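Residue numbers (this note's numbering), protein chains in the order written: chain A, 1 to 465; chain B, 1 to 465.
Read the hints as simulated data drawn from the structure, not as lab findings.
As the structure is a prediction and not an experimental result, all values here were calculated from the model.
Fair warning: there could be bad hints in the mix.
Which copy? The list can't say, so a pair holds if one copy fits it or any two copies do.
Said to hold, decoys possible - Restricting the straight-line Cα-Cα distance to at most 20 Å, the calculated cross-link-like pairs of lysine to any residue (SDA-like) are:
hint, residue 1, residue 2
1, K47, P167
2, K47, R426
3, K47, R166
4, K47, D211
5, K440, D211
6, K47, N239
7, K324, A459
8, K252, M240
9, K47, M236
10, K317, E463
11, K440, L210
12, K317, Q462
13, K440, R426
14, K47, P170
15, K47, G181
16, K249, R115
17, K47, D169
18, K47, E177
19, K347, G414
20, K47, L210
21, K195, H220
22, K195, R166
23, K254, S243
Protein chains: 2
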Amino acid sequence: MNLYRILVVVPLILFLSHFNSLSQIKDTTKSKLYEGEARRIIAEGLKTCQAYRMLEDLSLNIGPRLVGSPQAAKAVEWGKQKMESLGFQNVHTEPCTVPHWVRGAVEEASIITTRGESISINICALGGSIATPEDGIYAEILQVKSFDDLKTLGEEANGKIIFFNRPMDPSKISPGEAYGGAVNQRGSGAVEAAKAGGVAALIRSMTMQLDDVPHTGSMHYMDTIPKVPAAAISTMGANMLDSLLAIDKNLKIKIKLSCQTLPDIESANVIGELTGTEKPEEVIVIGGHLDSWDQGHGAHDDGAGCVHSIEALRLLKELGLRPKRTIRVVLFMNEEFGLNGGIAYAKEDHHGEKHICAIETDAGGFTPRGFGVGADSVNFPRFARWSYLLDPIDAGRITRGGGGADISELAKLGVITIGLRVDGQRYFDYHHSGNDTIDKVHPRELELGAIAIAIFSYAIAQEGI
Amino acid sequence: MNLYRILVVVPLILFLSHFNSLSQIKDTTKSKLYEGEARRIIAEGLKTCQAYRMLEDLSLNIGPRLVGSPQAAKAVEWGKQKMESLGFQNVHTEPCTVPHWVRGAVEEASIITTRGESISINICALGGSIATPEDGIYAEILQVKSFDDLKTLGEEANGKIIFFNRPMDPSKISPGEAYGGAVNQRGSGAVEAAKAGGVAALIRSMTMQLDDVPHTGSMHYMDTIPKVPAAAISTMGANMLDSLLAIDKNLKIKIKLSCQTLPDIESANVIGELTGTEKPEEVIVIGGHLDSWDQGHGAHDDGAGCVHSIEALRLLKELGLRPKRTIRVVLFMNEEFGLNGGIAYAKEDHHGEKHICAIETDAGGFTPRGFGVGADSVNFPRFARWSYLLDPIDAGRITRGGGGADISELAKLGVITIGLRVDGQRYFDYHHSGNDTIDKVHPRELELGAIAIAIFSYAIAQEGI
Numbered sequence: 001m002n003l004y005r006i007l008v009v010v011p012l013i014l015f016l017s018h019f020n021s022l023s024q025i026k027d028t029t030k031s032k033l034y035e036g037e038a039r040r041i042i043a044e045g046l047k048t049c050q051a052y053r054m055l056e057d058l059s060l061n062i063g064p065r066l067v068g069s070p071q072a073a074k075a076v077e078w079g080k081q082k083m084e085s086l087g088f089q090n091v092h093t094e095p096c097t098v099p100h101w102v103r104g105a106v107e108e109a110s111i112i113t114t115r116g117e118s119i120s121i122n123i124c125a126l127g128g129s130i131a132t133p134e135d136g137i138y139a140e141i142l143q144v145k146s147f148d149d150l151k152t153l154g155e156e157a158n159g160k161i162i163f164f165n166r167p168m169d170p171s172k173i174s175p176g177e178a179y180g181g182a183v184n185q186r187g188s189g190a191v192e193a194a195k196a197g198g199v200a201a202l203i204r205s206m207t208m209q210l211d212d213v214p215h216t217g218s219m220h221y222m223d224t225i226p227k228v229p230a231a232a233i234s235t236m237g238a239n240m241l242d243s244l245l246a247i248d249k250n251l252k253i254k255i256k257l258s259c260q261t262l263p264d265i266e267s268a269n270v271i272g273e274l275t276g277t278e279k280p281e282e283v284i285v286i287g288g289h290l291d292s293w294d295q296g297h298g299a300h301d302d303g304a305g306c307v308h309s310i311e312a313l314r315l316l317k318e319l320g321l322r323p324k325r326t327i328r329v330v331l332f333m334n335e336e337f338g339l340n341g342g343i344a345y346a347k348e349d350h351h352g353e354k355h356i357c358a359i360e361t362d363a364g365g366f367t368p369r370g371f372g373v374g375a376d377s378v379n380f381p382r383f384a385r386w387s388y389l390l391d392p393i394d395a396g397r398i399t400r401g402g403g404g405a406d407i408s409e410l411a412k413l414g415v416i417t418i419g420l421r422v423d424g425q426r427y428f429d430y431h432h433s434g435n436d437t438i439d440k441v442h443p444r445e446l447e448l449g450a451i452a453i454a455i456f457s458y459a460i461a462q463e464g465i
Numbered sequence: 001m002n003l004y005r006i007l008v009v010v011p012l013i014l015f016l017s018h019f020n021s022l023s024q025i026k027d028t029t030k031s032k033l034y035e036g037e038a039r040r041i042i043a044e045g046l047k048t049c050q051a052y053r054m055l056e057d058l059s060l061n062i063g064p065r066l067v068g069s070p071q072a073a074k075a076v077e078w079g080k081q082k083m084e085s086l087g088f089q090n091v092h093t094e095p096c097t098v099p100h101w102v103r104g105a106v107e108e109a110s111i112i113t114t115r116g117e118s119i120s121i122n123i124c125a126l127g128g129s130i131a132t133p134e135d136g137i138y139a140e141i142l143q144v145k146s147f148d149d150l151k152t153l154g155e156e157a158n159g160k161i162i163f164f165n166r167p168m169d170p171s172k173i174s175p176g177e178a179y180g181g182a183v184n185q186r187g188s189g190a191v192e193a194a195k196a197g198g199v200a201a202l203i204r205s206m207t208m209q210l211d212d213v214p215h216t217g218s219m220h221y222m223d224t225i226p227k228v229p230a231a232a233i234s235t236m237g238a239n240m241l242d243s244l245l246a247i248d249k250n251l252k253i254k255i256k257l258s259c260q261t262l263p264d265i266e267s268a269n270v271i272g273e274l275t276g277t278e279k280p281e282e283v284i285v286i287g288g289h290l291d292s293w294d295q296g297h298g299a300h301d302d303g304a305g306c307v308h309s310i311e312a313l314r315l316l317k318e319l320g321l322r323p324k325r326t327i328r329v330v331l332f333m334n335e336e337f338g339l340n341g342g343i344a345y346a347k348e349d350h351h352g353e354k355h356i357c358a359i360e361t362d363a364g365g366f367t368p369r370g371f372g373v374g375a376d377s378v379n380f381p382r383f384a385r386w387s388y389l390l391d392p393i394d395a396g397r398i399t400r401g402g403g404g405a406d407i408s409e410l411a412k413l414g415v416i417t418i419g420l421r422v423d424g425q426r427y428f429d430y431h432h433s434g435n436d437t438i439d440k441v442h443p444r445e446l447e448l449g450a451i452a453i454a455i456f457s458y459a460i461a462q463e464g465i
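One chain only, chain A, in its complex shape (with noise of 0.2 Å):
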């Protein structure tokens, strides 16, 4: 063998064939149904990437859109024209009233040693939270890993600054899971706080990453408990305050929130779709949510869903592929903050529609593993079937379980729900956070979601279940 094929030939090769095996498509004669079509909406999708252009458009002309901001407005106009601008059929808004928090300019925190000195740290209010009073909240710290453990310190947590620092756990294989474990502090610590006498709640970010940014969220209150302010604190934050903590017990802390909650408001859901040629009154609708928390561009969380839904749908329109029922897209308002948009969406009189799935998009950007299915062990194996139409780009896992929050009162009306499944060990690096912007999300990766929405989707839409 000469030396050109030792030095090239064979290891380009053999390192070619580490990619070739994830090419899944056959070039067989005889295809498999819908085969066809979905080779040409991988095709078709891959060559352009628009799913990413949109959320390019909607990240940086419109930004972080807090349900119940001039942003939030603005992204159900963009939606309407998009779908609009794409030729969706009967694209139109149906309204809801969403609650209208918002994030004051002052949001500040110092660490004040004993001896005096002051240290500033990045906090960020969680979403509901109360203000301080002008002046701030002073007080001393104490760290606690679980409401238990601040039950049993008792009278020490009197008029104290709660500190809730239980890290998600990182042996868990799903961050979803890790995440699950913690995100308790987030929503219910203002409440355990002010039982145990505590002033305010300091939250450890929900992110397994170690970085200074502080990541929001929904915490709730409780009508019989006083209301306390609640502010997350980033994990290095957090870190410090742990380290400091331990050569320093009466370390205080100062924290100044602004925010507020104003009088409800009303906003909308955006919807469009292609209308089915042959059994119309059948509906699958995909979806994801077009509010966001205001911190990033709320780029994955959920920029991604709303972009992967418009995208599905127009990959489907320019390649002629009509559904036989009506695929519809609705992009969801507040999801992040009482799911006014799916419940609304789920009373609304759809005319003696049938809606027999609702496909939800809301984990992120991320290169698409298969669909979560919400359905019994007869209707299951009717979606799993298609996972062969999602092999090729190796999104072919459907597994029993899922659905989304925005379609879980449709659930509740015995709908199907569905969640696409993606990779999701980035996720909570981003989430309701300042991290959560465009250049985290991959073009490839984003379309490969909508592809897979289309895939699906259009499988369903021909042969119902």
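Based on these hints, arrange chain B on the given structure of chain A.
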């Protein structure tokens, strides 16, 4: 249902249902073979993500490791010390002779319009290229998309710099397949340019990302064809050049390169193992390549593969999992530029050992999807049977066909060769360029690759084939 449940509990549960379906570890009393061990490996790995710590060390304290360079020599020492410090057995190096090409201090290019304007562009010499004359090469540009195009143009190529500008085809699902469809321009561009009478070759970087970073890689000459210099131009540079050529056909480029090939030099593979407790003479190789290109950190290519392999063995050792057959880490020297390490390892007299398989990881530190196994139909199921151990981390897709460049010589000796398959959408964004830095690697994604190799190699070591 009260407000709290509506606002917090319901969305949370539904939201988490996306993620929980990813967590496949079942708490069954009756485990399948090695499920317990796999579970422990997963939890141990994710808890501390040691692979990333090692890769940080290699990337930041040694940096890129071009074969023959002082950094490559340091990396050999690093690998040996790392394996010794982890308590691996039989840690040693095995020598091999490698080529020694060095990038010069001068690497410049400017586009000169017919109106005399000069536009500086980023280029980098391809590995193996000769230098330009000291004054550079100044010539008109001829843009082509293929070698056939070039042949068709005949005399027109005479005296020109041939600009090979065929992009990787984005409609391919696998970026590796798209790479395969474009990379002959890089490997053979200089030969084809010279055959046509051209004086240099300028090649569009092998990436689908649009940025201003040129990507290097190996190229070759032929003894019977004059040698001309070859350099990569970034994708943005290539697009700009294409646009300029559309309005100014007589553009010239001036290129200066001072790279050179020095005499061959001694280097080495680095080896360490857990010796089998029952059949030490039966060996499973796991490995990546220690050399890299001289741009970026060589983090994904193939620092990731090196630390995948070391970390896989560390996990087994840490958990007290003593394999019945030997699992051996081999950090191969010079995958990029001639496979000397792989050839040397295959030639080495390993004292009557039997290599039952070799697993290479050289596709980046991304989330693992499975393994490609280069076994026949009889042997394939003996590997595929372990997919259930990998399903909990969504890496259970074991497919036929696979291997790696470094282990290709072992394949020729009849050893079954296997490649780790990962999510490859981002690989060529970084590959062979200044973009391939440690910050592009995710600690958990990287660790999951090490975990996959640990689980798979352990099961093979226990049960053989």
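Here is how each hint holds up against the structure:
no.	hint	result
1	K47 to P167	between (41 Å within a copy, 12 Å between copies)
2	K47 to R426	between (25 Å within a copy, 16 Å between copies)
3	K47 to R166	between (45 Å within a copy, 15 Å between copies)
4	K47 to D211	between (36 Å within a copy, 18 Å between copies)
5	K440 to D211	both (15 Å within a copy, 15 Å between copies)
6	K47 to N239	between (45 Å within a copy, 17 Å between copies)
7	K324 to A459	within (10 Å within a copy, 48 Å between copies)
8	K252 to M240	within (14 Å within a copy, 57 Å between copies)
9	K47 to M236	between (41 Å within a copy, 18 Å between copies)
10	K317 to E463	within (18 Å within a copy, 52 Å between copies)
11	K440 to L210	both (16 Å within a copy, 15 Å between copies)
12	K317 to Q462	within (15 Å within a copy, 53 Å between copies)
13	K440 to R426	both (9 Å within a copy, 12 Å between copies)
14	K47 to P170	between (37 Å within a copy, 5 Å between copies)
15	K47 to G181	between (40 Å within a copy, 15 Å between copies)
16	K249 to R115	within (12 Å within a copy, 73 Å between copies)
17	K47 to D169	between (39 Å within a copy, 8 Å between copies)
18	K47 to E177	between (35 Å within a copy, 14 Å between copies)
19	K347 to G414	within (13 Å within a copy, 66 Å between copies)
20	K47 to L210	between (36 Å within a copy, 14 Å between copies)
21	K195 to H220	within (13 Å within a copy, 73 Å between copies)
22	K195 to R166	within (19 Å within a copy, 67 Å between copies)
23	K254 to S243	within (18 Å within a copy, 58 Å between copies)
Taken one by one, the earlier hints all hold for this structure without exception.
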